[in-house]
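Given chain A's structure and the hints, the job is docking chain B with the ligands onto it.
Listed below are the residues making up each chain.
Protein chains: 2
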Amino acid sequence: MASQEIDALAQALSRLPGLGPRSARRVVLHLMKKRETVLQPLLRALEMVEERLKTCSTCGNIDTSDPCGICADPRRDTRALCVVEDVSDLWALDRSRLFPGKYHVLGGRLSALDGVRPEDLNIDGLVARVAAGGIDEVVLAMNATLEGQTTAHYLAERLESYPIRLTQLAHGVPVGGELDYLDEGTLAQALRARRPVG
Amino acid sequence: MASQEIDALAQALSRLPGLGPRSARRVVLHLMKKRETVLQPLLRALEMVEERLKTCSTCGNIDTSDPCGICADPRRDTRALCVVEDVSDLWALDRSRLFPGKYHVLGGRLSALDGVRPEDLNIDGLVARVAAGGIDEVVLAMNATLEGQTTAHYLAERLESYPIRLTQLAHGVPVGGELDYLDEGTLAQALRARRPVG
Ligand SMILES: [Zn+2]
Ligand SMILES: [Zn+2]
Chain A
23 MASQEIDALA QALSRLPGLG PRSARRVVLH LMKKRETVLQ PLLRALEMVE ERLKTCSTCG
83 NIDTSDPCGI CADPRRDTRA LCVVEDVSDL WALDRSRLFP GKYHVLGGRL SALDGVRPED
143 LNIDGLVARV AAGGIDEVVL AMNATLEGQT TAHYLAERLE SYPIRLTQLA HGVPVGGELD
203 YLDEGTLAQA LRARRPVG
Chain B
23 MASQEIDALA QALSRLPGLG PRSARRVVLH LMKKRETVLQ PLLRALEMVE ERLKTCSTCG
83 NIDTSDPCGI CADPRRDTRA LCVVEDVSDL WALDRSRLFP GKYHVLGGRL SALDGVRPED
143 LNIDGLVARV AAGGIDEVVL AMNATLEGQT TAHYLAERLE SYPIRLTQLA HGVPVGGELD
203 YLDEGTLAQA LRARRPVG
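Chains as they are written, first to last, in my numbering: chain A, 23 to 220; chain B, 23 to 220.
The set of hints was computed from the structure by calculation and includes no laboratory data. One thing to keep in mind: the hints can contain errors.
Remember, identical chains collapse to one label, so a pair may be satisfied in a single copy or spanning two.
The calculated lysine to aspartate or glutamate pairs, modelled on EDC-like cross-linking and capped at a C-alpha distance of 20 Å, are [as the list claims (entries may be wrong)]:
1. 56 / 69
2. 76 / 95
3. 56 / 142
4. 76 / 88
5. 55 / 29
6. 56 / 141
7. 76 / 116
8. 55 / 142
9. 56 / 99
10. 56 / 136
11. 76 / 205
So here's chain A without its partners, still in its complex pose:
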């Protein structure tokens, strides 16, 4: 029987967010049924991502090069740094083309519930970048959730001894809202009206 290959694929699929073990088995059968139109394109796309995409060792962005296109761009303002929870937030902000500086991706948010501690996020990397100097402003662009705001407070404390302007996104991001679900207009407004922390 083909159970070994199918179980392995079902197990790998069930680790994706939103797919349980039962739906994973259904997906395997769907993949087998649609070999040319679903399985093979998925396989090629995964191979491309696996081969070509890198995590930027400077900022945590995902790109085809390390350092990423944003970190390597000489037209970017190196004195402004925008800190985000996830790569999806970086992309959402950068699509608005309103922030001229560079980014720093934490890789998540502090969460007592999910057991995410400061050492689980790329916070030391952020502090090191700020400590290295040359940065005037750090924008804390956390999600407007309780955990996002807790993370912003923690970062503000960690960065308070440095000679920088610490700002956060203006109200305009709806409470409870996740950045990458917002339209660009709302994001643009929130970024334009950003204000000092505290």
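Chain B with the ligands alone, transformed into the frame defined by chain A:
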């Protein structure tokens, strides 16, 4: 930017049942974050399935060989044929080890709603196997849904001129129930009490 690779993967993922475009983007980021533990195992498992698994040209089962292990097994009773909608149903029935014969996978069910017509299913293949002779009994093991039962009626008509006993699973399969969601006990009962069609 890495948008080309990521868009391609998000698009390939969004073709999986249960994943929309928005969740597909989240899955891409999850895959990038968990490269060693999620992306690479998924890639290897897909490659295995793509390389090793075949659809049996006799019965439609999925296995590492064509003909499949069931079709090639000399201990199986070639005079009894069990017709199922999908490979998942074949597996669910075969796990019960109560059916000694062979199988035939239609690859779906007739559905006016989804535009599935007789020529979209492997019905000609079934009729050809029956017409070739040597089969005494055909068990129509469709799901106990309206569409499953419509399919069973259609098959009964297509097969009525052949000298075979046509049976279907006994009540015991709950109305509206899908075979591969049932426990083995219920399946076993339904199979044991199978009765002539009509
Ligand atoms: Zn970078
Ligand atoms: Zn077979």
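Verification of the supplied hints:
1. 56 / 69: both (19 Å within a copy, 15 Å between copies)
2. 76 / 95: within (17 Å within a copy, 48 Å between copies)
3. 56 / 142: The answer is between: 14 Å across copies meets 20 Å, while 39 Å in one copy does not.
4. 76 / 88: Classified as within: same-chain Cα gap 6 Å, cross-chain 40 Å, threshold 20 Å.
5. 55 / 29: Within one copy only: 16 Å inside a chain, 23 Å across chains, cut-off 20 Å.
6. 56 / 141: Answer is between; shortest inter-copy Cα gap is 17 Å, intra-copy 43 Å.
7. 76 / 116: within (18 Å within a copy, 45 Å between copies)
8. 55 / 142: between (41 Å within a copy, 13 Å between copies)
9. 56 / 99: For residue 56 and residue 99, the Cα distance exceeds 20 Å both inside one copy (48 Å) and across copies (31 Å).
10. 56 / 136: between (37 Å within a copy, 16 Å between copies)
11. 76 / 205: neither (27 Å within a copy, 45 Å between copies)
Hints 9 and 11, counting from the list given before, are not met by this structure.
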